[in-house]
Amino acid sequence: SAVISQKPSRDICQRGTSLTIQCQVDSQVTMMFWYRQQPGQSLTLIATANQGSEATYESGFVIDKFPISRPNLTFSTLTVSNMSPEDSSIYLCSGCRGLSTDTQYFGPGTRLTVL
Amino acid sequence: AQKITQTQPGMFVQEKEAVTLDCTYDTSDQSYGLFWYKQPSSGEMIFLIYQGSYDEQNATEGRYSLNFQKARKSANLVISASQLGDSAMYFCAMREGNRNQAGTALIFGKGTTLSVSS
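The listed protein sequences correspond, in order, to chains B and D. Under this note's numbering, think of the first position of the first sequence as 4, with each following residue one higher. Under this note's numbering, think of the first position of the second sequence as 22, with each following residue one higher.
Errors might be hidden in some of the hints.
Listed below are the simulated DSBU-like cross-link pairs for lysine-lysine, each with C-alpha atoms no more than 30 Å apart in a straight line [claimed, not checked]: (1) B:K10 / D:K131; (2) B:K68 / D:K131; (3) D:K37 / D:K94; (4) D:K24 / D:K131; (5) D:K24 / B:K68; (6) D:K24 / D:K94; (7) D:K91 / D:K131; (8) D:K24 / D:K91; (9) B:K68 / B:K10.
Simulated coverage check for chain B against chain D, where a stretch passes if three residues somewhere in it have a Cβ under 8 Å from a Cβ of chain D [unchecked claim]: (10) 42-50; (11) 76-87; (12) 105-117.
Label-pair ranges, simulated between beta-carbon atoms [unchecked claim]: (13) B:R100 / D:K37: 28 to 38 Å; (14) D:K94 / B:K10: 38 to 48 Å; (15) B:T47 / D:S63: 14 to 24 Å; (16) D:P61 / B:S87: 22 to 32 Å.
I should point out that these hints are in silico values taken from the structure, not numbers from a laboratory. Don't be surprised by glycine CBs; every beta carbon is placed ideally from N, CA and C.
Work out the full structure: start from the sequences and follow the hints.
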């Protein structure tokens with residue numbers, strides 16, 4: 004199975020600030036994704052992180068609010084910008100090797116609370 | 022329309038009993054994959070089992086099996102001999118697309134909370 008690490012594991016932030024979450028994957032992973040899980044809800048895909056180019060965002064998510072970088076194959080960051088309490092969620096990094104039959108693995112998640 | 026439907030918000034089972042968690046899906050693709058994940062209160066997502074649309078046999082992994090009924094578009098998870106540690110949220114998920122296409126992201130259902138009591 005792929006190894007995916009994330010940091011920070013949790014954070015409490017003030018309204019209006021920004022937080023950058025880092026995700027490191029092992030070399031087996033080619034596709035990387037970022038998900039949001041609001042309290043008591045399911046996982047919603049934010050974007051696909053593309054190596055060396057702009058991320059592909061899902062409907063309802065924009066680059067200005069959730070800028071994503073992926074400078075190389077095994078590292079990506081997600082920034083939650085100008086935070087509000089509605090951004091309080093678990094943010095999960097995920098990856099797979101790129102075949103449709105492959106398992107998608109998840110990092111441990113970042114629990115974000117915005118006051 | 023929802024792609025993945027889990028109609029059971031919560032399920033309760035006694036230890037050592039079997040439990041079935043329901044999942045139905047909606048896709049027009051011929052090739053797709055179905056996944057089940059477990060999320061304990063710690064928040065991590067733990068992969069349990071996978072079923073490919075072309076797989077003729079139902080997938081099994083230890084105490085987990087997937088009851089795949091393609092014509093009905095259902096992929097129910099069966100947990101045999103429940104244990105207290107099985108108490109968690111369970112998510113059904115689907116990946117659509119051509120078998121040879123680079124993996125697209127999973128689409129998740131709303132989840133079912135399973136509570137196992139002694």
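Status of the hints after comparison with the structure:
Taking the CA atoms of K10 of chain B and K131 of chain D, the gap is near 26 Å; set against the 30 Å cutoff, the hint holds. Annotation: proposed proximity of K68 of chain B to K131 of chain D holds, straight-line Cα distance about 25 Å (limit 30 Å). Restraint check for K37 of chain D and K94 of chain D: the C-alpha separation of about 29 Å stays at or below 30 Å, so the hint holds. Our distance criterion of 30 Å between C-alpha atoms is met by K24 of chain D and K131 of chain D, whose separation comes to about 11 Å.
Proposed proximity of K24 of chain D and K68 of chain B is supported: the alpha carbons are some 26 Å apart, at most 30 Å. For the hint linking K24 of chain D to K94 of chain D, the alpha-carbon distance of about 11 Å falls within 30 Å, and the restraint holds. Taking the CA atoms of K91 of chain D and K131 of chain D, the gap is about 21 Å. The hint holds against a cut of 30 Å. Under the criterion of a C-alpha separation no larger than 30 Å, the hint pairing K24 of chain D with K91 of chain D is consistent with the structure, at around 15 Å.
Restraint check for K68 of chain B and K10 of chain B: satisfied, since their Cα atoms lie roughly 19 Å apart, inside the 30 Å limit. Taking a C-beta to C-beta cut-off of 8 Å, the segment 42-50 of chain B contributes 5 residues in contact with chain D, enough for the three needed, and the coverage statement holds. Evaluation of the coverage hint for the segment 76-87 of chain B: breached, as 0 residues show C-beta separations to chain D shorter than 8 Å, against a requirement of three. For the segment 105-117 of chain B, the proposed coverage by chain D is satisfied: 8 residues have a C-beta within less than 8 Å of a C-beta in that chain, meeting the threshold of three.
The given range of 28 to 38 Å is respected by R100 of chain B and K37 of chain D, whose C-beta atoms sit roughly 37 Å from each other. Checked against the hint of 38 to 48 Å, the pair K94 of chain D and K10 of chain B passes, with Cβ atoms roughly 39 Å apart. Checked against the hint of 14 to 24 Å, the C-beta distance between T47 of chain B and S63 of chain D comes to roughly 20 Å, which is consistent with it. P61 of chain D and S87 of chain B have their C-beta atoms about 28 Å apart, which keeps the hinted 22 to 32 Å range intact.
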